[in-house]
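Undergrad: If you follow the hints, you should be able to join the two separate chains into one complex; please do so.
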Amino acid sequence: MTPPLAVFFVLAGIGAVSLILQKHPIHSALSLIVVMIALAGLYLLLGAEFVAAVQIIVYGGAIMVLFVFVIMLLNAGVEEHTSISKMAGAPGLLLVVALAGFVAATIAKSTESVQATPQTGQIASTIGISNMLFKDFVYPFELTSFLILVAVLGATVLAQREKS
Amino acid sequence: MVPTSYYIFLSAILFGLGVFAFIFKRNIITIFMSIELMLNAVNLAFVAFSQALGKLDGQVFVLFVIVVAAAEAAVGLGIIILIARNRQTLNVERVDLLKL
Chain E
1 MTPPLAVFFV LAGIGAVSLI LQKHPIHSAL SLIVVMIALA GLYLLLGAEF
51 VAAVQIIVYG GAIMVLFVFV IMLLNAGVEE HTSISKMAGA PGLLLVVALA
101 GFVAATIAKS TESVQATPQT GQIASTIGIS NMLFKDFVYP FELTSFLILV
151 AVLGATVLAQ REKS
Chain Z
1001 MVPTSYYIFL SAILFGLGVF AFIFKRNIIT IFMSIELMLN AVNLAFVAFS
1051 QALGKLDGQV FVLFVIVVAA AEAAVGLGII ILIARNRQTL NVERVDLLKL
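Each protein sequence line maps, in turn, to chains E and Z. Per our numbering, the very first residue in the first sequence carries number 1; after that it's consecutive. Per our numbering, the very first residue in the second sequence carries number 1001; after that it's consecutive.
Isolated chain Z (complex conformation) (with noise of 0.2 Å):
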């Protein structure tokens, strides 16, 4: 048996991972893809400690999550379809219309 501790520090390496892509990349599609990262990263965390404790709380949350998941993608991408009609561009830094 696997201590569940493994899968926890994959999803920490993972999530963190996801933190540093949502910083450092510059393509907005890419940063959205970092946060569908990190949601993974919860979901493995979610379904470890659901084996761990033996109770199915977990799993159902997982599917409650993916369920979010793909309704943030739907509206996200349109958001995106939008920022990139608007704006011609997909680079955040072009996106300043609120700076002063």
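Chain E with its partners taken away, still in its complex shape (with noise of 0.2 Å):
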């Protein structure tokens, strides 16, 4: 493991683990951005440029200034936990674990297989990508700008004030 693929790593552990811990959402919201860059780093890493420079873009800047935008809009503050919702913590956990326990049991069967195959990695990513996007994708490519339009229409009408 190199320095600064660990550094990514312990970096979205902790910011997932804060955004968990901090009670006021802002905080919450700039834990997620330390997780998102960290994310970028390691697509970095991958060899995959393309997304990590989309991912700082669309999620490190678009969604996440949305997310703050809403947060000091509606001027939300520390979050109240009634009895019942930290006992809903007890078997979220145990989920969690869970969960976590099945995915790592499938990881550990199935590791290998994964492994052995040939990792090439040559391939120019993004002018791959911009390939794959523009020939083998192009329908579900122009259905998401149609996805896009409509979620702007929606979200527009939704937080329009009524008129009467």
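FYI, nobody ran anything at the bench for these hints, they're computed from the structure. For clarity, every value in this text was computed on a predicted model and none was experimentally measured. All clues stand as given, with none of them false.
Residues on chain E that point at chain Z, a partial pick, calculated with CB under 8 Å:
1) Gly13
2) Gly47
3) Val58
4) Ala62
5) Leu66
6) Ile71
7) Glu79
8) Leu93
9) Val96
10) Val103
11) Gly128
12) Ala151
13) Ala159
Yeah, the Cβ is synthetic: ideal placement off N, Cα and C, and Gly gets one too.
TA: See the structure below:
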């Protein structure tokens, strides 16, 4: 494990834990930004430069700005926990441990076959992605533009103040 | 070369933390952020497998996931603004209009 890789791994883990531990939503949002930047670094180390750039621009930039903007717009304060929500933590933790155990067991069983495959990794990533996106996946790609149009219209209609 | 399983383990951990935050958190915005965390965890698995198998399909899928996440964030935050305006609260336990 090289030093930058370890740093990004630790940053992602710490950010995710901090998202849970922080009481104020704005602190949680900043923790999530740390996770996203760390993941962008991991994508770079994995040789996915384009995805790393999109991760920082779209996730770290656009989406998180939207979150921070809404938090400030609604003046969100410290979250309050009732006794029921504290009780929800115990079965939640149990569920997460079970889920993690299941995933770990599955990985431990199947990791050999993945590692055995030859790692080419020599494809020019961005050129290859654009080739696939505009040849093999051109219909899904066009559909996403429609999806974004519908989402923008929906968000506008939802957040609109009623006229009456 | 780092084994792919490292990345998959990190992805599983992030996803698990996202699920836990989704259950444990009470602020509707933080719950929404934990969904984004889960999407990010899945993206990491996609990219790791894409690199391990030497195919770019995974990275193209990540782009689609990011587009859907952006659309989802726009609509979701619109709904959150609507809830905050109608119920004057961001606590999901106070949003109980459907409860008997």
